[in-house]
Amino acid sequence: MKATRIAVLAALVVMLAASLAYAGPTYDRVMKDKACRVGLMANSKPAGFIDEKGDWIGFDVDIATELCRRLGVQMQKVQVNNKTRVTMVQTGQIDMSLANMTHKRERDKSIDFSITYFFDGQKFLVRKGTASSWQDLVGKKIASMQGTTSELNVRALLKELGDPDADKNVISYQNEAECFQALKMGRVAAWSTDSTLLIGYAAEAPGEFELIGDFFSNEPYGVGVPEDDSAWRDAINFALQDMWMDGTYKKIYDKWYGPESKWAFPLTDEIELWP
Amino acid sequence: MIKFWLEKTWVQYLLLTTIVGCIVFYWAYGFQSPYEFQWNVLFEYNTTYDKHFGLELLHGLLTTITISLISAALALLLGIFFGLARLSGFKPLYWLATAYVEFFRNTPLLIQLFFWYYAVPQLLPAGVRDWLYFDIDMTWLGMNIAFEFWCATVGLAVYTGSYMAEVIRAGLQSIPKGLLEAAYSSGLNYLQVLMKIILPIAFRNIIPPLGSEFLNNLKNSSLALVVGVAELAWTSQDVEALTFKGFEAACAASVLYLVTCLFTSAVMNAINRRLQVSNGMARGNLMDRCLDCCLAPAEKGYRNVARTLRRAERKRKLKRRAQAEVGLVPIWQVYVEKSFVLLLVVLKILFILTLLFILFKVIVALWGYNWSGVWENVRVLTLFRFPAPASETIYWGLGGLVLTLLMSIVVLAVSFPIGLMVGLGRASENQLFRIPCTAYIELIRGNPLIMVIFWSYFFIGVVRGGNYLDAITSATIAMTIFNAAYIAEIVRAGIQNLPKGQFEAAYSTGLNYWQTMRKVVLPQSLKQMLPAIVGQSVAMIKDTSLAYIIGATELTLAAQIIINRRTDLLFEIYTVIALLYFLMCYSLSLWARRLEHRLSPEQVRLEM
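Line by line, the protein sequences are chains B and P.
All residue numbers for the first sequence refer to the numbering used here, where the first residue is 4 and numbers rise by one.
All residue numbers for the second sequence refer to the numbering used here, where the first residue is 421 and numbers rise by one.
Take the hints with a grain of salt, since some may be wrong.
[Said to hold, decoys possible] Within a straight-line C-alpha distance of at most 27 Å, the following computed DSS-like cross-link-like pairs (lysine-lysine) qualify: (1) B:LYS112 x B:LYS143; (2) P:LYS511 x P:LYS720; (3) B:LYS107 x P:LYS781; (4) P:LYS471 x B:LYS112; (5) B:LYS131 x B:LYS35; (6) B:LYS162 x P:LYS511; (7) P:LYS616 x B:LYS143; (8) B:LYS112 x B:LYS131; (9) P:LYS616 x P:LYS597; (10) B:LYS171 x P:LYS616.
[What the hints assert, rightly or not] A few chain P positions that, by computed beta-carbon distances, are all more than 12 Å from chain B: (11) VAL431; (12) PHE534; (13) ILE565; (14) ASP658; (15) LEU711; (16) LEU776; (17) LEU946; (18) SER1009.
Just so you know, these hints were derived from the structure itself, not from any lab.
By construction, the Cβ of each residue, glycine as well, lies at the ideal position given by its N, Cα and C atoms.
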């Protein structure tokens, strides 16, 4: 009886201690542990995905690996999705997130962002030959992902183009795979999100899908980092700029998005460089 | 000394109030967290998004209620049909009904919804598909009722229908054989036996479990979020995504679910009390009186109609008897009867032919599957190993089928003792244990599992101040908490089913509470509960598929990852995972049934 009581008390003390454990500033902790937990997508080609062999690869994965190498820490990959990528940074479960995340002011209220490391914009993906301009999609069903900025952008665009039912014509799915399936099955006429994602999926079935129209939003991707940790953010920013200056960035970019790659996507801008 | 004081009711209440007071005090003053609570997100108009999120949530609730009402009505029709078909002496119909019931009860609703949404339209001709996709759009009370809505509704109806069929079959079969024999031997014909003996008794057996199926259906409607229906759980996610105020949104959604479920179960309890013939259960609280008021006109109408029909029937009988005495049975009547028999035979043959045709089609389709493509992905489905050092610490990085099994085993092993303790607590007479246990059970049972998973995944970390749990762990925790509440209810029912004399006899021989429980009560009630607990385990294994939504790499997510890569394997992969789930659940169900049979062998199969 006494033993049980002691065990229960001990368990309580341990739980209390665990919950009170002090989560220190990220920079100090990462540098002390020499380990950095990086949030990456696992179902988004070509940013972060799992290939046939079961390896976790992609553009974001390579950038994260390079960042960690330059910071001299070991990378621990953590899977995030479009719902958890903000909260996990916010509550210190990961130290940075490279997860197709657009730098938005609303998001910046909860976490901080590095400089823009990738320039993307939103487009429509349609089955080949079914539509050629935005106007063709007015009044049609459009797929988008719940909880993304692209969902809001596409609603706004459709409303602007004169679709009174924009709210109900945009169907919000839980993840990209579901959106693509819905497009493939003909449930929706188009799927709208960041172009790189669309290119990634279109490459799955060459010749069947195409991107149409211009960008209708700018999507500057930033590395999500915990709020108010200037040292950590600086370290990442400097590493990103170093990567750009010595050409590593371009190499990685060409590997995934270069003209010869499966997901050809022209580099349209330069990342911010501080002298 | 402590025991003496603890037995006083006022001490129990005082202690409870103190504990609650301490928690409230801590929450209000001592609690620190990196998360900023902004409850006004629920009450204020958000100018950034041009929306009032509180109203959006209420609107979500409306959609939830609409979906569950329509699907429950459809499910009841399906349930009646297949429940009767399960009792049919016509074997092909019985086989069809059995296949329907077993298949849909033993595969997860999530997989079924995916199948209805993505795969089924591909089987239809293009014209029908376009009609489904584009022509059935409508807006009703601000709800967008389109293909998504109907897909979720029909999917739910088919799922719940299989449960209702079982409830109806069991209710009809629960009638003792002796009663039927007595009825037949007293000269009643089949229709009379059905109307006067079977249905009135079966009705009382059927309504209570039917009500709980209705409640389950309401909670299961939360899964409509995977096909993009803006119901309550979806809306709470939407608020989270737009404002990052997920804690507040989930609180509101949980409270709405809880209120809806508690209200529904209050109505159902009132109905159950009304149905009891009279076993001393007191009636007369507010709900009972409301129900009586609502039902009074219907009852009166029913009596009038029944009286008219009865009189007409009596008149017809008198006439027929007069004819028979003269010896005149019109020849057309004989022909009508003969042709009716012939028609029945033709219908049966047609039915068998249709069944054979469908079976043939299915076999052809299965034959044409790209099995080598499935074979390439079998390793991912069963042993999916996630290439992440951080997540390899959980269950050695296993995934797919193995992870599903591991999660199920852990959840079962942990939730059983918790459920046992909570169930005992709820059945205890000490308010100090009874009230918290009841609150826990009602809180969890009043919410869909998906909300519990959201809680443990997104928000426990928030409240604890940072340390988030990974998807697998938090799904396991959520399912344990959820499953324990259901097991607790089973335990409580088992204890309360024992005759009261047992407790008194045990106490009077000088056993204390724990000894009574361990030596007298639990052995008996556990034996009774065993089939129910195994049944709950089947439900739990199916529920592991919900971990998909927060991204735990169990069987469903592994399948989605494969489909994501190889969309041409859509049908193959869905079939394979449905079969895998089916095998797991069906073998357990069979075991549960064997147990039930062994523990109560006197039941017989009633044929109709």
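Against the earlier hints, flag every one the structure doesn't satisfy and list their numbers going up.
Of the numbered hints, 1, 2, 3, 5, 6, 7, 8, 10, 12, 13 and 14 do not hold.
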